[in-house]
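This is what each chain is made of:
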Amino acid sequence: MMEGMLSFAVFFLVFASFYALCSLGLNLQWGFTGLFNVGVVGFFAIGAYASAIITGPAYPDTLFGGFGMPFPFGLAGAMLSAGVAALGVGFVTLRLREDFLAISTFGVAIAIQLVCLNFEPLTRGPNGMYSLPRPFAGLFATHAFDNVLYLVVCLALIAGVYLAFERMVRSPWGRVLRAIRDDEVAAAALGKNVFAFRLQSFVVGSAVMGLAGALYANFQGFISPADFLPIFTFQVFVMLIVGGSGNNLGALLGGLFVWFLWSMSEQVMQALLPPTALTQAAAARIVLIGLVLALMLLFRPEGILAERRIVSREARLPRAPKR
Amino acid sequence: MIQYLADGIVNAALIALGAIGLSMTYNVLRFANFAQGEILTAGAYFTLLVVTVLGAGIGTMGPIAFGWPLLVSMLVAIALTGAVVLVVDMLLFAPLRGRNASRITLIMAAFGVSLMGRNLVMLMTGGEPFYYDFYIPRAFALFPGFEVVPDDLAIVAIAGLAFALLFVLVNRTSMGRQMRAVAENPTLARVNGIDVRAVIRWTWIVGAALATVAGALLGHNTQLRPEMGFDLLLPMFAALILGGATNLYGTILGAVVIGLTEALAVAIGLSGYRAAVTFAVIVVFLLLRPQGLLGERE
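Here the protein sequences line up with chains A and B, keeping their order.
So for the first sequence, this note's numbering puts the first residue at 1; every next one is plus one.
So for the second sequence, this note's numbering puts the first residue at 1; every next one is plus one.
Chain A on its own, in the form it takes in the complex:
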């Protein structure tokens, strides 16, 4: 019993890590730069498929992939692929009004899903990619231990991304991002290349989402297009809003908290409802999460942890005005 609880907790935390990374990535884009990415799941999917192609086995029915390379190459390739995709998307849309970025990223996510679903020589279509290598598998007698080790890797990566982002947003670079977010014209008037900074922020944030996708793929060992639906993007939004956009710790906390609510409500519904009502139960959970988002937007838009309005380490503002 105790062991079951523990292994469930590890499983839960590993999944929370994927979301926490995406939430951090979105925070850099939206929280700090004001870029609204409606295609989080697209970049997550690119990362997952990139890692599957790089680390996975060769399938008889694909024309490309199956390189069977070690796990770290999968992670790096995932970040690179997602980053390159973001570069392309950003290049087209970041000069335009913010609505167009939202619409385009939404389109990107749909287009990526269609490629996953239809481009069988690369992705095996609806059949998905299976037997992806799980790192640490076989090192121990039971799966419980390699899950713990996987969690450690996830946490280390989160810590790395978190520390890097904290440094970045506090640096002069990060101050420019926030200046662009709060007043694009003023930032441009001060001689900052608004487009270049936006593009950098967008690419870095998306690369982290790609990293999360790779971690997901190699933990699950199997991915298919059904894993990458718009609901994922929505969950990440809610995490960031609940945690507090513009605050990296808030992004992490929101990820953990919302994922906790999400998986607990699933457990409760599975325990209470007959299996025939599970489709409805899943829908009800999404409606509930939607309500959480709406209520947060209405009553506490700054999230649990509000943004710290620190201009730089040297200068502290007395009391931030409410957003």
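Derived from the structure by calculation, the hints contain no laboratory data.
Here the structure is a predicted model, which is why all the values come from computation and not from measurement.
No residue lacks a Cβ here, since even glycine has one placed at the ideal position from N, Cα and C.
There could be a bad hint or two in this list.
Computed far set for chain A versus chain B, every beta-carbon distance over 10 Å [unchecked claim]:
# : residue
1 : 67
2 : 72
3 : 128
4 : 131
5 : 175
6 : 179
Selected chain B positions facing chain A (Cβ under 10 Å, derived; list incomplete) [what the hints assert, rightly or not]:
#  : residue
7  : 96
8  : 126
9  : 230
10 : 241
11 : 272
12 : 286
Go by the hints and put chain B onto chain A.
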């Protein structure tokens, strides 16, 4: 080939009906309404509700497999959908506007409404597809080698009628003038004594009405699914961008281009990539002509 184009025109009519609401909220309320697809879905399901309550089937009109019962149900559904949209605006969007929330906050709220709406329909219907009535499209040859389905002709005609009414509203009525004034400059409009709240209400109602017509016709032509409207969201956005975002005629023209492009994609065997083709069209346009077909450069 020409056969595919006929399908494209029907599709374009439905996209345009839905995209008008998108264009109106975009210009008057100034945000991209990601919940537009669900307004369409709501309209389709409300029509189903009324059809079921009336219990008179959907009727026929000569060769057309629907008639007055469906059209009357659609009109009642317009009122129901409009009411729901106004309640959502009152509870969510109006307070956000009152706080001067950013455009992105509104988009995010709309995205939330979209998911909630879709899943509420799923919750209430169990997610199984519904039909207004048993319907097998029967085509007849308009001229040799070119067949049309009477219902498709009716759909295009209804869409045309709806656009005609819309243009009378926008160009010939006081409310239409006020809408255009608010779209142009909300502050100036308010200073000149325009009741901006009333304008916003009518913007939602007109958009919801056309979306309901689109939903009901799409439901008749295919089936009712919780995702039916959401699946049309990207083509609707594409029509908006193609048309230049600030121009209603442009939106309709954009819908025609998108409808025909999708038909072309299907014709050359890319039916699995339909939405991706739509997206590619958006990207090309954003690169080459960000102001759209009929838009003006900002």
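Evaluated hints:
1. 67: 26 Å, holds
2. 72: Fine: 32 Å to the nearest Cβ keeps residue 72 of chain A off the interface.
3. 128: Non-interface label stands for residue 128 of chain A: nearest chain B Cβ at 16 Å, farther than 10 Å.
4. 131: 25 Å, holds
5. 175: Check passes; 20 Å lies beyond 10 Å.
6. 179: The assertion about residue 179 of chain A holds, with a minimum of 16 Å to chain B.
7. 96: Nearest chain A Cβ about 7 Å off; hint holds.
8. 126: 7 Å, holds
9. 230: 8 Å, holds
10. 241: 7 Å, holds
11. 272: Hint holds; residue 272 of chain B Cβ to chain A Cβ min 4 Å, cut 10 Å.
12. 286: Result: holds, 5 Å to nearest chain A Cβ.
Of the numbered hints given earlier, the model fails none.
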